[in-house]
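Residue numbers (this note's numbering), protein chains in the order written: chain A, 1 to 384; chain B, 1001 to 1443.
Simulated from the structure, these hints should not be mistaken for lab results.
Any given hint could turn out to be false.
What the hints assert, rightly or not - Computed cross-link-like contacts, SDA-like style, restricted to lysine to any residue with a CA-CA straight-line distance of at most 25 Å:
| # | chain 1 | residue 1 | chain 2 | residue 2 |
| --- | --- | --- | --- | --- |
| 1 | A | LYS196 | B | GLN1375 |
| 2 | A | LYS196 | B | ASP1364 |
| 3 | A | LYS196 | B | ALA1391 |
| 4 | B | LYS1195 | B | ILE1250 |
| 5 | A | LYS196 | B | ILE1367 |
| 6 | A | LYS169 | A | ASP263 |
| 7 | A | LYS196 | B | ILE1051 |
Stated by the list, open to error - FRET-style restraints, in silico, Cβ to Cβ:
| # | chain 1 | residue 1 | chain 2 | residue 2 | range |
| --- | --- | --- | --- | --- | --- |
| 8 | A | ALA192 | B | ALA1388 | 33 to 43 Å |
| 9 | A | ALA192 | B | GLN1375 | 15 to 25 Å |
| 10 | A | MET246 | B | GLY1342 | 40 to 50 Å |
| 11 | B | ALA1388 | A | MET246 | 18 to 28 Å |
| 12 | B | ILE1057 | A | PHE233 | 55 to 65 Å |
These numbers come from a predicted model, not from an experiment.
Just so you know, even glycine gets a beta-carbon here, dropped at the ideal spot from N, CA and C.
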Amino acid sequence: MPMPAQVRRPVLGTFALLLVAGAPPAAAQGALSLQGFGYPVGGQSTRSLGVGTSIADLDPQSPVNPAAVVMNARAQGYFQYEPEFRSVRAGGVVADTRTSRFPLFMISGRQRSVTMSLSFSSFMDRTWANSYADTQTVGAERIASTVLTQSEGGIADARFAAAYSLNEKVHFGLGLHAFPGRNRVSFGRAFADSAKAGAFSLSDSYNFSGSALSLGALVTPTLHLIIGGDLRFGGPLQMRLGDSTMVGEGSIPFRAGLTATYDGIPGSVLSARVGVDRWTDLAGLGSASLGLADATDMAVGAEIVGPRFGSSAVLFRTGFRSRGLPFSYGTDDVREKAFSGGIGLPVLAGRATLDLAVLRASRTAGAVTEKAWVISLGVGIRPQ
Amino acid sequence: MNPPVNTRTLRRTVVTTLLVAVAAVGGACSEQLDGGATCASASPLCPGQAIEIRDTIIDPVIAFDSTYSGFPGLGAEVQLSVVTSPEFESVAVVRFDTLVALFIPPGDTAQAVQYVDSALVKMVVNIARAQVPDSVRIDVFDVGDSTVSDDTAQAPALARLVPRWRIGSKVFAKAALVDSILMPLSDSAILARLKDSTQGQPRLRIAVRAQDASGANAPVVMRFGSVESGDAMQLRYRPKNDTGVRLIAIVPASAGPVTRVDIQRDLMDYTMVTRNTLPELPGTITLGGIPGRRAYLRFDVPRRITDSTTVVRATLRLTQVAYPVGGPSDTVVVHPHIVLAGANVPDNRRASTLIGGAGFVISDSLIVTPNGEGQRTVEMYALVRSWAAQATSSAAPPRAIVLAVTDEGLLPRIVSFRGSTAGSGLRPSMRITYIPKTGFGIP
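Make the full structure from the sequences, and use the hints.
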């Protein structure tokens, strides 16, 4: 089922429309974060991003821990917009890019003690464009040319999650994941008229299909302490040229995460998370030379209740995250660190929430540095 | 218990924050994805962007070649070429088959012409790319033989290119050959034609020849305007010995052949070759000359290349053979034309007239001189690419081109290339640079 990595059109479609349209977004290879199959966007809500993703396993809007959906309202819809302003410095050259993402859509509902959600999020974003001057050997001569290369699309994570509340303190969840995706890659060169060589543009379209199963739990062992954990067991992930020719096959990476929050200090929630992603499970999906590295993902954050705004309180958030990215730069692993902050604002008498997060991310590998401002805007709606 | 807060200050803070967010989000609505500035060649930041380009030579590449003569057709010349050289001579023939034998003097009634004065032919001269010695003698002959019924036969006209039938002759300095010239004719000869009613309407058919007036027999190559170019020769004469009577101006017209009205217009004026001893080079592709020659080349390029790859270059390589006539300044421009005739036109000569314009699909051309020799190349990747696009079409035109020179049929310059019967290394071949059909973009 071909699905672009990101939905770039205005958001206000129906969820059915989103099911056939959504997936990862944009950027440009020529960046550390976009090596390999692209940037692992990760399915984090704006609220989670605001606290450095330290509440990911307890956040009902983040499709990470299926048990966390029990914390949703009876019925809720959520979507998110997330532009990124990136600056890559390599060899004294700086490239600034700007990309837009709609990385997450979710609806959820509750029936008695079972809560279900359907979400569509970006798993990998491989959208970029490059144009630069280069020489090309044609016949026996080297001639000047301009390279025009572009990649669009990625892999999405469509999840159906159901959570069951054993009692007020123990909840379990099960998630069924499908990973559809499409990646259209084009490569071309343009030559000067005097070169007497034909400009060309080649394009290939790759389709992805994969599956996974996730399990999660949410436990309140003591007053003020909540612990959530998730496990994702990856099924096969296939990459085909067009609809038929198999290009490669790997597995959806195994993932494990554990989040703990403490709200014993009045007006605040402190959280921390540690996770691992076994990105090497992707081996076989791409070429043999694709550099893969398993990664840890650590985050800490705090959410503080601020002054009241109308009948509800404004929430202020801050956090820090450090993780490894899956695809290496040459032989160097790429690490990402991000400081974040944000606010949560209830509106429409509590029937909607408006979350805003700002991230300052830094990615480094070798002599290349990449810095990005990410602005995340999430809107949650509760019909009743 | 939340601390009390100034609601106004809070609203202002939140609204300001949201406005900043909206501005930032709005600024990202237009993406700027191009990060190519950091993509130095072979940079690890931009891997997988090298494409394998292969190179091969198809030899032989021509399945069939043939040279056809007679372009443009007789009477279709946009200019009339008058050439005199040791090996070649051509004259311009103009028919005035509607001479006016009546005139109306001022204040009088129509009268038959009994007197002719100031007879002349006005000729528009084109000496661009011409060879003109310091002085040129232009002769005009009366080539209309009223005893011959075959209007298309050239022999009777050739037989009259002798002094007996010369009705005008004048030496022009080279500097005088600008724009147009007035060539005086014999008044008595014109009057005689006006009174000759053996063919009904009085008619005059002339041939114009140009020769070196210095006696050195230097080659002369010049052109005159024709009906096709809108500046045809014009016959003028005064029908009375009175300058108050206006000149009668006659434009070309052909009354014959009576049974072929379709070609009467072509025969109003045309170029007629009167002598041709230019050598033929067997086994060659020959282009140019008067009348013009062009070559039809049909290619045999493996479909595994044309249909399954992306062609970056397709260079047709021709080996030029030095033609024994022509100097280093006799530049000839050769254009390859795509053949538009489909399978329904099996006649290759006819197919070689159904072609695209110069520069259409194939923008490259050759600039050569007749005495040049060696390898010449023509780039035609766009055509080879179009073959792939037409591969599945049942009405695809043949994989062929026509080579023709500019000013075809107007200049006596001839260029030759080795044909498909020549040995390897001399016959036409094609160097193709292409990208194989392979998957790419896999991380």
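>> Check the structure against each numbered hint from earlier and tell me which ones fail, lowest number first.
In response: 8
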